[in-house]
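Protein sequence lines correspond, in order, to chains A and B.
Last residue of the first sequence: 328 in this note's numbering, with the numbers rising by one and none dropped.
Last residue of the second sequence: 839 in this note's numbering, with the numbers rising by one and none dropped.
The set of hints was computed from the structure by calculation and includes no laboratory data.
Please read all numbers here as calculations on a predicted model, not as lab measurements.
Using N, Cα and C, we set each Cβ at its ideal position, and we do this for glycine too.
Heads up, a few of these hints could be off.
To be verified - With a cut-off of at most 25 angstroms between alpha-carbon atoms, the simulated DMTMM-like pairs for lysine to aspartate or glutamate come out as follows:
#	chain 1	residue 1	chain 2	residue 2
1	A	Lys275	B	Asp507
2	A	Lys311	B	Asp809
3	A	Lys258	B	Asp809
4	A	Lys222	B	Glu509
5	A	Lys275	B	Asp503
6	B	Lys823	B	Asp809
7	A	Lys258	B	Asp531
8	A	Lys222	B	Asp507
9	A	Lys222	B	Asp809
10	A	Lys276	B	Asp809
11	A	Lys275	B	Glu498
Unchecked claim - Here's a subset of chain A near chain B, in silico, CB distances under 8 angstroms, partners left out:
#	residue
12	Ser2
13	Arg3
14	Pro6
15	Gly62
16	Gly94
17	Arg190
18	Cys240
19	Val241
20	Thr242
21	Gly247
22	Leu280
23	Val282
24	Gln284
25	Asp288
26	Asn322
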Amino acid sequence: MSRPSPSPIYTLRGAGGPLNTLHFSCQGEGTPLLFSGSGKGAIHIWNLNSRRAEKIIEAHSGNSVIWVSTLQSADALISQGRDMQVCRWDVSEGRSELVESVWTGSVGFCQCSLLETSPANYLLACAGEQTEEIKIIELPSKTAVCTLVPEEKLGMVMCLKLWQPDSGSGPLLLAGYENGSLLLWDVTQRSKLSQVKAHPEPVMCMTFDTTSLRGVSGSSEKMLSSWRLDGQRNLQLQDCVTLVNPGVSQLCIRMDRKLLASAGWDHRIRVFGWKKLRPLAVLQYHTDMVLSVAFSDHRDPRQRVLAAGSKDQRISLWSVYNEGADTG
Amino acid sequence: MESLTTNTDVRLTVTRCFRTLKSSTDCSDIITALRTLHSYLDEGPESTATSPERAEFRRAHYSSALQLLVSNIQADWLHQLTAAQRTELWDGLFLAGPPEQALLVLMDAIGELRPTSNLDHVVNITEKFLQRRRLAELLWSYCREAAPSDSPQLRETLLGRISALPDITANKLQLNNRALFLPQQYYPLLATEMLTALERTCQALRAGTDCSLTFVAQTLGKVCIQGHSGSVLAVMAPRLSACTRSDMVWQRVCWKLLENVPQRWMESVLTGLVQAVSGPDALGRIIGNLVLTNKKAQFVITHKLLLLQYKYETRVLRIILGYLAADRDRRPLLIQVLRSVSQAWANSSAVKHTPLEQQLYVSKALLLSVSLLKDSEIQELRSELLQCMLGGMQTHLDSNVVRIRRMGMVIGEYLSSRMDINGTKLKFEYDQDEETRELLSLLAPGACDEPEAEPVNRADGPEETAETAESAQNASQTTSGAQALKTDPDSDLDSDDELTPYDMSGDQEISKASPPRYLRDCLEILISSEDPVRVELALQAAESLVRKNSFAAREISVQMSKVLLHMDDKYNINGFLYLRQATMVAVTVADCIPVTHYLTTEFYSLNYSLRQRLDILEVLALAAQELSKPVTEKKAASISSATTAESTPYPGDNPVHWRNVVEKRIQSKTKRLTKKAAQPVTKATPNRYAPVAGHFFFPLLKNYDKPQVTFDLLGSDHLVLGRLIHTLGLFMHLAVNAPIAAQMGCALLDFVWAVRYHADQMVRRGVLFAVCSVFLSMPSQNLLVDISDQLFETRSWLADVAEGDPDADCRSLAVQSLVLLDKSLKKQLQDPQAPTVET
Numbered sequence: 001m002s003r004p005s006p007s008p009i010y011t012l013r014g015a016g017g018p019l020n021t022l023h024f025s026c027q028g029e030g031t032p033l034l035f036s037g038s039g040k041g042a043i044h045i046w047n048l049n050s051r052r053a054e055k056i057i058e059a060h061s062g063n064s065v066i067w068v069s070t071l072q073s074a075d076a077l078i079s080q081g082r083d084m085q086v087c088r089w090d091v092s093e094g095r096s097e098l099v100e101s102v103w104t105g106s107v108g109f110c111q112c113s114l115l116e117t118s119p120a121n122y123l124l125a126c127a128g129e130q131t132e133e134i135k136i137i138e139l140p141s142k143t144a145v146c147t148l149v150p151e152e153k154l155g156m157v158m159c160l161k162l163w164q165p166d167s168g169s170g171p172l173l174l175a176g177y178e179n180g181s182l183l184l185w186d187v188t189q190r191s192k193l194s195q196v197k198a199h200p201e202p203v204m205c206m207t208f209d210t211t212s213l214r215g216v217s218g219s220s221e222k223m224l225s226s227w228r229l230d231g232q233r234n235l236q237l238q239d240c241v242t243l244v245n246p247g248v249s250q251l252c253i254r255m256d257r258k259l260l261a262s263a264g265w266d267h268r269i270r271v272f273g274w275k276k277l278r279p280l281a282v283l284q285y286h287t288d289m290v291l292s293v294a295f296s297d298h299r300d301p302r303q304r305v306l307a308a309g310s311k312d313q314r315i316s317l318w319s320v321y322n323e324g325a326d327t328g
Numbered sequence: 001m002e003s004l005t006t007n008t009d010v011r012l013t014v015t016r017c018f019r020t021l022k023s024s025t026d027c028s029d030i031i032t033a034l035r036t037l038h039s040y041l042d043e044g045p046e047s048t049a050t051s052p053e054r055a056e057f058r059r060a061h062y063s064s065a066l067q068l069l070v071s072n073i074q075a076d077w078l079h080q081l082t083a084a085q086r087t088e089l090w091d092g093l094f095l096a097g098p099p100e101q102a103l104l105v106l107m108d109a110i111g112e113l114r115p116t117s118n119l120d121h122v123v124n125i126t127e128k129f130l131q132r133r134r135l136a137e138l139l140w141s142y143c144r145e146a147a148p149s150d151s152p153q154l155r156e157t158l159l160g161r162i163s164a165l166p167d168i169t170a171n172k173l174q175l176n177n178r179a180l181f182l183p184q185q186y187y188p189l190l191a192t193e194m195l196t197a198l199e200r201t202c203q204a205l206r207a208g209t210d211c212s213l214t215f216v217a218q219t220l221g222k223v224c225i226q227g228h229s230g231s232v233l234a235v236m237a238p239r240l241s242a243c244t245r246s247d248m249v250w251q252r253v254c255w256k257l258l259e260n261v262p263q264r265w266m267e268s269v270l271t272g273l274v275q276a277v278s279g280p281d282a283l284g285r286i287i288g289n290l291v292l293t294n295k296k297a298q299f300v301i302t303h304k305l306l307l308l309q310y311k312y313e314t315r316v317l318r319i320i321l322g323y324l325a326a327d328r329d330r331r332p333l334l335i336q337v338l339r340s341v342s343q344a345w346a347n348s349s350a351v352k353h354t355p356l357e358q359q360l361y362v363s364k365a366l367l368l369s370v371s372l373l374k375d376s377e378i379q380e381l382r383s384e385l386l387q388c389m390l391g392g393m394q395t396h397l398d399s400n401v402v403r404i405r406r407m408g409m410v411i412g413e414y415l416s417s418r419m420d421i422n423g424t425k426l427k428f429e430y431d432q433d434e435e436t437r438e439l440l441s442l443l444a445p446g447a448c449d450e451p452e453a454e455p456v457n458r459a460d461g462p463e464e465t466a467e468t469a470e471s472a473q474n475a476s477q478t479t480s481g482a483q484a485l486k487t488d489p490d491s492d493l494d495s496d497d498e499l500t501p502y503d504m505s506g507d508q509e510i511s512k513a514s515p516p517r518y519l520r521d522c523l524e525i526l527i528s529s530e531d532p533v534r535v536e537l538a539l540q541a542a543e544s545l546v547r548k549n550s551f552a553a554r555e556i557s558v559q560m561s562k563v564l565l566h567m568d569d570k571y572n573i574n575g576f577l578y579l580r581q582a583t584m585v586a587v588t589v590a591d592c593i594p595v596t597h598y599l600t601t602e603f604y605s606l607n608y609s610l611r612q613r614l615d616i617l618e619v620l621a622l623a624a625q626e627l628s629k630p631v632t633e634k635k636a637a638s639i640s641s642a643t644t645a646e647s648t649p650y651p652g653d654n655p656v657h658w659r660n661v662v663e664k665r666i667q668s669k670t671k672r673l674t675k676k677a678a679q680p681v682t683k684a685t686p687n688r689y690a691p692v693a694g695h696f697f698f699p700l701l702k703n704y705d706k707p708q709v710t711f712d713l714l715g716s717d718h719l720v721l722g723r724l725i726h727t728l729g730l731f732m733h734l735a736v737n738a739p740i741a742a743q744m745g746c747a748l749l750d751f752v753w754a755v756r757y758h759a760d761q762m763v764r765r766g767v768l769f770a771v772c773s774v775f776l777s778m779p780s781q782n783l784l785v786d787i788s789d790q791l792f793e794t795r796s797w798l799a800d801v802a803e804g805d806p807d808a809d810c811r812s813l814a815v816q817s818l819v820l821l822d823k824s825l826k827k828q829l830q831d832p833q834a835p836t837v838e839t
């Protein structure tokens, strides 16, 4: 008999809006933090020890926050809102000051992607003004590095992933488009390296494992599609996983590359083994669409938790497959 | 002349010895006399007696000498001899002479002597007699003589003694019996002795001497008819099978042996043999074409074992049919067998009146024999097989018993596939169970092979088997090793396996529509909606809606039942039948009288399918069961709490609440001196079924004998009749302790009386169940007062069924009803307070 499905270890309430995005910051010496961006323009900084919101930043003038992230070097928080701005906040020593903001011009829901090239500089990939346009901006100098526009009509940019390959060449960018295509761009060459049609519907989300060069993408249908990058930097589709209910909002791989979590439109979080995409658990708690999932980046693997934010304004935290900590 | 003088010489000497033994007290005289007698038995070169003398002694004087010894067993001189002398002279005399005479004398002595040390002595000698393999000597001596020299009576007695030795010794010695005389040891020993005799016969035949196997065959037959065929043939069959494998002389000897078995014992030998041999080939080697030459054997093999008896394992069937199929000469018999088996299988009266086990047996025989036929033979038999298939399928599918129907389906599928009727095949949808799987496994081609590695000789068997076992082990080790090697890299790849999945059964599809919240909405959807999702949701919600809101349910109960009764599973809804039934039961429970009235009326009306009528019965039965169960505490509590929460939100108004509080306070202030048992007293609740039992029961008794165009209860629709009677029995059973039970019981007994000998066993089972429940539920005084005139007839009918019904369930139910009836009557008659028949 298999173990009964687990329950959340605790939940965080009071965000006051749908939780579009979650980001953990647990690696430092200080208190472990969880950042969340709500649909009402508030960024909550949750203290995971006291399990209370430590600070609430009202940002983007009430527009929905669709992405939050942190920089490793400083206590800097980056957020993206529907007001077409990407803002950098100084949150060190209890401050919450807006340092700078960049105008992206994108009206869509595409979350930006961040790549720190050096302790001081970082690249930001975001959807641009035009439908298919992707802009790469170097910060903090705010210089536009390039814009990437495919030759054919692919629809809006839906999701992005910017990373630096081990081979030493320039950074690569994966982009999912509205017609279900996935494109691999070489940022320095400004050229398309590979293209593949992963879904019949728009690519809603994707995640990429830069070590094994495998990725998985979700769409509005009942399918997760996995693909890999071969030695010639070609995207190759691999097997699919069928879900019970359609629609995936976000995907996330745990740091140890063992687990994949998906945020489902059917109110459920699904956990898969990352190697073979074997379904492992279906976590049921939320009463509305789950919009975001994130695995914490604790140094100690036993403390790593899974957080999920939902349209029902709650964040649930789960402890699954942590050796020792999780004695199901 | 010379022989005459020898004879007189011998007689004189022997008489002298006898006289000495009888009268002398001198030990040395006695010893001399005994030695003289011994000298006639000695065959060695230093023997003093000539061979004609010896033959004469053996023929005429040996038995009397032994008898004399036994009769003088108390004589003083016997006890004066030393133990060595006694063994040599006295015992040796029994073990050296012609074994048949010695055995007869010994057995007589055992029969006559009282239990004393003398008896022990004789028993010891008998034991030695057996241990020294004198029995083989005995059998061999009869094989050697081509023509019998002794009288038939003597032979008969000897046969009786040999085959009944364990009985004779056990009767006499009782608890002091020797282990060697026990049937478990004696008969295998006898079997080995017979084998030895046969072996020596083979050698003699090779040497060119004639032998007779009559006596051995008679012994074999006699032992088998006395019921020891299992232990004897378990030893003989493997050996014979091994010896006949390559040796023609052995085969001839075996065939001759079986030919010589007397007719009256042939059957038991053959039945024992087919169970003991390992495969059809072995049987063919041992008995040869006996079925063709011997009428009795033919009858047993082709008819009795297949059609009249059904206790044997499938293996036996396989062996018999395989044996018939193996030889060209026997092949016509197989076809004849197939004809008779297929007739038996298709016989409608057999399907109705023979036990299920026999039908299964016949079905197996049919399957096996068809599978052994070649395609050309099947083409010849086509018309007969087709007839059998069509008729048999009809009778089988018509049956009420699921197992019979399945049997029919399996065989129909197979026959149609073998006959190749214009390329079409029958295909049925039946659930595989153990029985159908067994039937299908009979058709597997490899299954008939017998194990070829038979040990040729027991003596060198173990080594060989040990070797083979070792090699087998090695093989399995290597294969398992290979498997391990194979699986290793596999498991290495699949590291997801270390993460055991959680239970994911809760991961169901989410539907967009919401279930109806009101009962009337639900009804509306069920009546008019064309949207599968909504209908499914409505059906899923219906039961809980009915149960939650009994007032609303009462308003629409009949309408709801009507809708549900006529509802079809248009959208292939998951668990449709269960959901519909549960809702109907809930409606019936909620509003009992109108709904039962409606359902019982509909049961007999026009234009319903059998399925719907069965549904009505099932719903009524389940509703009655639910009503008769006491309302559980938990449910009541939850209901009351729910009502308080909904209707009385203000706690001050709630009488239960403050009473609880007061109760608790009193409890806390009260000191108890004794400790009460902690178990809660079950609260008595009124039986909700008792007042309405009549509404369930009596309407169903009306109209049953009015056949309609679509529904003929007493005719072809016996399936429904069986279920109806069963349901009525259930109503009766649930009505125990209800005031109306007495009337119900009378009416039910009257009703089932007409169908008590129905041809269908399901109906009979239902009738017996109903009778059981009448005896269980009716108060015993009513039993005597109201139906006293029927009781006698019922009793004799039940006794008749218990003895003679072909169906095992029917028999056991009848016995049970008899027990219940007797118990009830006894209770009534022993109770002096109760009113008796006279009052």
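Going down the list of hints, with the structure as the test:
1. A/Lys275 / B/Asp507: holds, 22 angstroms
2. A/Lys311 / B/Asp809: Distance ~62 angstroms between A/Lys311 and B/Asp809 Cα, so the pair is violated.
3. A/Lys258 / B/Asp809: violated, 59 angstroms
4. A/Lys222 / B/Glu509: Between A/Lys222 and B/Glu509 the Cα gap is close to 11 angstroms, so the pair holds against 25 angstroms.
5. A/Lys275 / B/Asp503: Holds. A/Lys275 to B/Asp503 sits at ~20 angstroms (cutoff 25 angstroms).
6. B/Lys823 / B/Asp809: Holds, at roughly 21 angstroms.
7. A/Lys258 / B/Asp531: Violated, at roughly 43 angstroms.
8. A/Lys222 / B/Asp507: It holds: about 13 angstroms lies between the C-alpha atoms, which stays within 25 angstroms.
9. A/Lys222 / B/Asp809: violated, 53 angstroms
10. A/Lys276 / B/Asp809: violated, 54 angstroms
11. A/Lys275 / B/Glu498: With a Cα-Cα distance of about 11 angstroms, the restraint between A/Lys275 and B/Glu498 holds, given a limit of 25 angstroms.
12. Ser2: holds, 4 angstroms
13. Arg3: It holds, given that the least Cβ distance between A/Arg3 and chain B is near 5 angstroms, below 8 angstroms.
14. Pro6: holds, 6 angstroms
15. Gly62: Check failed: Cβ of A/Gly62 comes no nearer than 31 angstroms to chain B, outside 8 angstroms.
16. Gly94: violated, 40 angstroms
17. Arg190: Violated. Min distance 39 angstroms.
18. Cys240: violated, 16 angstroms
19. Val241: Violated, about 12 angstroms.
20. Thr242: violated, 12 angstroms
21. Gly247: violated, 10 angstroms
22. Leu280: The hint holds - A/Leu280 has a Cβ within 8 angstroms of chain B, the shortest such distance being about 5 angstroms.
23. Val282: With a closest approach of 4 angstroms, the A/Val282 hint holds.
24. Gln284: holds, 6 angstroms
25. Asp288: Hint violated; A/Asp288 Cβ to chain B Cβ min 11 angstroms, cut 8 angstroms.
26. Asn322: With Cβ-Cβ at 11 angstroms, over 8 angstroms, it is violated.
Against the hints set out earlier in the document, violations occur for numbers 2, 3, 7, 9, 10, 15, 16, 17, 18, 19, 20, 21, 25 and 26.
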